[in-house]
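According to this note's numbering, numbering within the sequence shown proceeds without interruption in unit steps and concludes at 235.
Hints are computed from structural coordinates only; laboratory data are not their basis.
Please note that a few of the clues may not be correct.
Here are the simulated SDA-like cross-link-like pairs (lysine to any residue), alpha carbons at most 25 Å apart as the crow flies [to be verified]:
| hint | residue 1 | residue 2 |
| --- | --- | --- |
| 1 | Lys83 | Lys194 |
| 2 | Lys134 | Ile117 |
| 3 | Lys134 | Arg106 |
| 4 | Lys109 | Gly68 |
| 5 | Lys228 | Val12 |
| 6 | Lys157 | Arg10 |
| 7 | Lys44 | Arg16 |
| 8 | Lys118 | Asp141 |
| 9 | Lys109 | Glu120 |
| 10 | Lys157 | Leu198 |
| 11 | Lys134 | Lys83 |
| 12 | Lys140 | Ser82 |
| 13 | Lys103 | Ser82 |
| 14 | Lys93 | Glu69 |
| 15 | Lys105 | Cys135 |
| 16 | Lys108 | Gly137 |
| 17 | Lys194 | Ile23 |
| 18 | Lys225 | Lys44 |
| 19 | Lys118 | Arg106 |
| 20 | Lys140 | Lys83 |
| 21 | Lys67 | Arg98 |
Computed from a prediction, not measured in an experiment: that's the story for all the values here.
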Amino acid sequence: MERLVEILREFSPEEINEIERNDRQFKALERLYERFKEREEEFYRLVLINALMSYQLQMKGEEYWEKFAEFFSNSKGMEDFEEFLKRFNRRFLSAKLKRLKKAIDCVSQIKVEQVRDAGQLVEELAKCMGQRKDSKTIVFAVKMLNYAVKVAEGDELEGLEEIAIPLDSRIGRISKDRDFWRKLSEKTGILQIKLDAIFWICQNEEHLKSLPEELRMKLEKVRERIFG
């Protein structure tokens with residue numbers, strides 16, 4: 008871990024911000040926001056609901072969020088979510104449609120524009136969805152809402168240091184041990200959901216090529232350290 012810590016400490020906050028803004032999921036939200044500039048609350052709710060439904064996908068996560076942005080840029084709004092799932096998130100559809108109703112009810116109870124504390128949001132989402140606070144979809148929902156807030160307001164949620172990394176399949180290839188990610192965050196000073204962005208993008212070789220050379224070289228060091 009120590010060599011990895013040394014490499015990660017080379018990233019400045021500005022570079023981490025650039026990594027997030029180059030995330031294809033972030034760029035998808037930028038496109039979607041163009042449609043919802045006058046309806047920010049609905050924009051935030053759509054993002055939260057889709058994040059809560061982001062599991063067992065039939066395509067890569069980046070592609071799924073691009074489909075999401077494209078679909079809802081040309082739809083009426085939240086009432087079209089069932090149709091979206093039937094087209095782009097069909098695995099275990101019956102169970103997902105039940106979960107969708109729960110997610111919509113849950114998110115509808117939250118005054119998203121007033122919730123600017125990530126820890127509070129995790130508490131509320133975990134309670135109404137009946138999941139652990141470190142469950143993948145719960146913490147991923149907070150990550151994506153933070154992206155949405157950055158897109159809409161150029162700001163971030165408070166309390167992000169309380170949020171665990173979303174342990175999906177890509178992150179799990181590196182380590183499924185939550186303690187590993189907590190310690191890595193403590194030693195590098197990089198929040199866990201920011202580490203998530205770094206390790207996601209460094210696993211996508213094609214995406215890496217599109218980044219500025221200096222940043223790409225740093226990410227390739229991470230990639231080499233993890234995968235050899």
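Here's how the hints hold up against the structure:
no.: 1; hint: Lys83 with Lys194; verdict: violated, 46 Å
no.: 2; hint: Lys134 with Ile117; verdict: holds, 12 Å
no.: 3; hint: Lys134 with Arg106; verdict: holds, 14 Å
no.: 4; hint: Lys109 with Gly68; verdict: holds, 22 Å
no.: 5; hint: Lys228 with Val12; verdict: holds, 12 Å
no.: 6; hint: Lys157 with Arg10; verdict: violated, 31 Å
no.: 7; hint: Lys44 with Arg16; verdict: violated, 36 Å
no.: 8; hint: Lys118 with Asp141; verdict: holds, 22 Å
no.: 9; hint: Lys109 with Glu120; verdict: holds, 20 Å
no.: 10; hint: Lys157 with Leu198; verdict: holds, 16 Å
no.: 11; hint: Lys134 with Lys83; verdict: violated, 29 Å
no.: 12; hint: Lys140 with Ser82; verdict: violated, 32 Å
no.: 13; hint: Lys103 with Ser82; verdict: holds, 20 Å
no.: 14; hint: Lys93 with Glu69; verdict: holds, 18 Å
no.: 15; hint: Lys105 with Cys135; verdict: holds, 14 Å
no.: 16; hint: Lys108 with Gly137; verdict: holds, 14 Å
no.: 17; hint: Lys194 with Ile23; verdict: holds, 16 Å
no.: 18; hint: Lys225 with Lys44; verdict: violated, 35 Å
no.: 19; hint: Lys118 with Arg106; verdict: holds, 20 Å
no.: 20; hint: Lys140 with Lys83; verdict: violated, 32 Å
no.: 21; hint: Lys67 with Arg98; verdict: holds, 13 Å
Consistency note: the structure conflicts with the earlier hints numbered 1, 6, 7, 11, 12, 18 and 20.
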